[in-house]
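Sequence lines, in order, name chains A and B. Under my numbering, the letters of the first sequence match residues 547 to 852, in that order. Under my numbering, the letters of the second sequence match residues 266 to 566, in that order.
Mixed in with the good hints, there may be bad ones.
Claimed, not checked - Short, incomplete list of chain B residues facing chain A, as computed with Cβ under 10 Å: (1) Leu402; (2) Ala450; (3) Leu487; (4) Gly496; (5) Pro527; (6) Ile533.
Everything labelled a hint here was simulated from the structure, so no lab data went into it. Computed from a predicted model, the values in this text were never measured in an experiment. Positions of the beta carbon are idealized from the N, C-alpha and C atoms, including for glycine.
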Amino acid sequence: MVTTLTFVLVHLAPGDPISVALDRPGVTDAVRQQWRESFGLDKPLGEQYVRWVANAARGELGYSFSHRRPVRDVLADTLPRTILLAGLSLVLSFFIGIAVGVLQAERPGGARDRWLGRVLLLLYSVPDFWLALIALLAFAYWLPLLPAGGIVDPVMHDYLSAGGRIADRLKHLVLPVLTLTLLSAASIARYQRSALLDVLPSDWMRTALAKGLSWRAAVRQHAVRNALLPTITLAGLWLPALAAGAVFIEKVFSWPGMGLATVNAIGARDYPLVTAGVLAISVLVVLGALLADIAVALVDPRVRLS
Amino acid sequence: MARSAAAGQSFRALLLARTLRDPRSRAALIVLGLAVLAALFAPLLTPYDPAAQLDIVRLRSLAPSFAHPLGTDPYSRDVLARVLFGARVSLAIAFAAVALSVSFGVLVGVVAGYLGGVVDVLLMRLVDAALAIPRLLLIIAVVALWGSVSVFTLTLLIAGVSWFAVSRLVRAETLVARDREYVVAARALGAPAWRVMLRHVLPNVVGPGLVNATLAVGNVILLEAGLSYLGIGVRPPTASWGSIIQDGAERVSDLWWLTVFPGLAIVITVFACNALGDALRDALDPRQLPLTASEDIVHRP
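Take the sequences, apply the hints, and build the full model.
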């Protein structure tokens, strides 16, 4: 369904990869036509679609016109980098977000809740690419502590020792992961706070308090566990959203991931790569939902995998 | 019917009073008012034309100074003028796209929830599928492959991919309202479906719709800025807050004023929208209407 939509939308666009790739004065229309035929671009759209689906199912994603190599190879290079970025941020932002949400919900309306709430709302209002640019300005240019972009130092990396290489990679990870984490943690904390506020008036909370538990202990031991379920479900949906949102971070920090590749492919009218990028995110959507279901079943004794 | 109308009015008055009593929303309304005024009266606030290249030799890429408080860009255009006129474009896109998407989302939600059956199943399946794809991705694919889109088309596109979450929310509200006594009574009296929806169901979903719309304005401002930054939103030479940042994106370290100032304009405006949205939500339901997961997912990150 998603793939069909993408395919149709992408092909509704004016221009095709051949007219972009061969946009040079010396190339005649006849040559362009020949190229179109050899890539099957002269066939009716329906036929192109059927072929594309059949090939995608076999893991054949076509040939990237702009990278001049199979799309599968491009994805194999770029997708892991995006997943690294998004996965690290996912884990970090959930720990931070849940912790902040709990701190807020312990005393709803208290000074801590209100101040954290304001900070979160502010973070929530910051454009991701802008925060990344500001982080870049602050920590790479004004205070040159960290590298400005890429995944490794382009000159020195090959000459470093094994430990030095790892340190080099980690240094390049800090800014992209931190900006992505900060923004996503703000959303998660807001969500976790309202999930907690929903369960606070429950009967079992009253029971816990009645048997002598302190308010704080009751919140931490009972309420948090119950409020965790919607958050876990959210985590499954969050991974693909992070992977897509990483586009901005990847662009600012020249992180050669799938988001950057997809955006660049758009400029080059590289259909196969764009469709493959969207397809990869759709697969992540399904995978994320599946993982979330499994995680909920593990945590919640009322749900059992059969 | 008279009763429901009276209740609706007092509800609205109550909502207004509660919202205005909240210092958050007063501050937010003032900030938003100033932003709108600045956009409307942009020509009075700056002597420069936002698109005019003042002096490409001597006034190029100047740091902020008295003559150009926010500096000039690589084409020697005054950044303050561009931020002020950019507010027109950014705010117009946001308000128009939200008005369109929220009205459409409310329409779909009420119809799906009230009629139920096949209509409901079909519409909600479509919405679920659409919500699963990050909206950013969808727009990136469409906008960029269509080549340069006009501001008008961009607005339609943003609206077109933004109504899903509203319709889900409104459908849920409609399902509750559908079985209220006065709705059942109206139906029993023989009122046609459209009339029941319009007069009895719709007033129930106005509140959540309004909260959603306020938060959505902020989100659309963020989205437009992001798209313009990627170079696929508002096209040069038109100024929008995102496209000004894009103009300085290649040389962030030397042209920091092109990044910092329009970005601050975005943050302040969006923060005001979000604060107002939060205040409205609290005013509507002191027990706090939880943010739906899907709503959050769609715009962020």
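Going down the list of hints, with the structure as the test:
| no. | hint | verdict |
| --- | --- | --- |
| 1 | Leu402 | holds (5 Å) |
| 2 | Ala450 | violated (32 Å) |
| 3 | Leu487 | holds (5 Å) |
| 4 | Gly496 | holds (8 Å) |
| 5 | Pro527 | holds (9 Å) |
| 6 | Ile533 | holds (8 Å) |
This entry does not satisfy hint 2, going by the numbered hints stated previously; all others are met.
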